[in-house]
Amino acid sequence: LPRVAQASTWKLMIPRAFRKTDSPLEALERKKVKAQRSKGWNPATVFIVLGLVVGSNAINIIKLRKDTLNFSRQTDARLHLLREVVERVKNGEDVDVEKELGSGDPTQEKEWEQMMNEIEETNMLAEAKKRRDAKRVQ
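So the number in the working numbering is just where the residue sits in the sequence shown, counting from 1, plus 435.
Careful: at least some of the hints might be erroneous.
[Stated by the list, open to error] Cut-off 25 Å, straight-line C-alpha distance, at most; resulting in silico cross-link-like pairs (DSS-like, lysine-lysine):
#1 K564 x K501
#2 K498 x K466
#3 K469 x K446
#4 K455 x K466
#5 K474 x K446
#6 K455 x K467
#7 K498 x K564
#8 K545 x K564
#9 K501 x K545
#10 K534 x K545
#11 K446 x K466
[To be verified] The following label-pair restraints were derived from C-beta to C-beta distances:
#12 V524 x S491: 43 to 53 Å
#13 P478 x S443: 38 to 48 Å
#14 V572 x L487: 38 to 48 Å
#15 Q441 x S491: 54 to 64 Å
#16 L487 x D540: 24 to 34 Å
#17 F482 x S538: 34 to 44 Å
#18 W476 x K545: 50 to 60 Å
#19 D568 x R500: 17 to 27 Å
#20 K564 x D531: 33 to 43 Å
#21 M551 x V524: 14 to 24 Å
#22 K545 x P478: 48 to 58 Å
Think of the hints as simulated: they come from the structure by calculation, not from any bench. Source: prediction; values computed, not measured. Each residue gets a CB set at the ideal place from its N, CA and C atoms; glycine is no exception.
All chains should be built: construct the whole structure from the sequences, respecting the hints.
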């Protein structure tokens, strides 16, 4: 018989996972090998995953707190500077407002603009929260 006509040639072309077992011995042998290769499920996996999730959330919360603190410090410093300049102008002192507030310097102007935008957003969020709370009370 030519090699192409032999069953063993065609049997080898089919992947092992899709082949039918010829004998119960082969099936038992395959089960033993599979049992040796596969490991049992580790019950600590759940705790490891939960620890990772909780840890990453904790890191994000710490970062948010730090960012909020930095923002409030920067805002307070800028508002304090603005109040000082306004007070000095009210008192009649000769003040170079543009120099004091950083007008003309693109980086400082950008920082002032960002700060003002963030303050406006914060105020809008606070007002929306007050409105929601007022609706709940009614």
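We went through each hint and held it up to the structure:
Taking the CA atoms of K564 and K501, the gap is near 23 Å; set against the 25 Å cutoff, the hint holds. In summary, the hint linking K498 to K466 is not supported, as the alpha carbons are separated by about 51 Å, beyond the 25 Å threshold. Distance hint between K469 and K446 is fulfilled; the C-alpha atoms sit about 21 Å from each other, no more than 25 Å. At roughly 14 Å between alpha-carbon atoms, K455 and K466 fall within 25 Å of each other, so this suggested pair holds.
Proposed proximity of K474 and K446 is contradicted: the alpha carbons are some 30 Å apart, above 25 Å. Restraint check: the Cα-Cα separation between K455 and K467 comes to about 17 Å, which is no more than 25 Å; the hinted pair holds. In summary, the hint linking K498 to K564 is supported, as the alpha carbons are separated by about 24 Å, within the 25 Å threshold. A hinted pair counts as satisfied when its Cα atoms are at most 25 Å apart, and K545 with K564 does not qualify at roughly 29 Å.
The hinted pair formed by K501 and K545 meets the criterion: a straight-line CA distance of about 22 Å does not exceed 25 Å. For the hint linking K534 to K545, the alpha-carbon distance of about 15 Å falls within 25 Å, and the restraint holds. Under the criterion of a C-alpha separation no larger than 25 Å, the hint pairing K446 with K466 is consistent with the structure, at around 20 Å. A beta carbon spacing of about 49 Å between V524 and S491 agrees with the range 43 to 53 Å that was offered as a hint.
Judged by the Cβ atoms, the range 38 to 48 Å given for P478 and S443 holds: they are separated by roughly 45 Å. Roughly 41 Å separates the CB atoms of V572 and L487, a value that falls within the hinted 38 to 48 Å. Under the hint 54 to 64 Å, the C-beta atoms of Q441 and S491, about 59 Å apart, fit the expected range. The given range of 24 to 34 Å is broken by L487 and D540, whose C-beta atoms sit roughly 45 Å from each other.
Between F482 and S538 the beta carbons are some 57 Å apart, a value that contradicts the proposed interval 34 to 44 Å. Checked against the hint of 50 to 60 Å, the C-beta distance between W476 and K545 comes to roughly 55 Å, which is consistent with it. Taking 17 to 27 Å as the suggested C-beta distance range, the pair D568 and R500 conforms, at roughly 24 Å. K564 and D531 have their C-beta atoms about 40 Å apart, which keeps the hinted 33 to 43 Å range intact.
As the Cβ distance of M551 to V524 is approximately 19 Å, the hint placing it in 14 to 24 Å holds. Look at K545 against P478: about 54 Å separates their beta carbons, and that is inside 48 to 58 Å.
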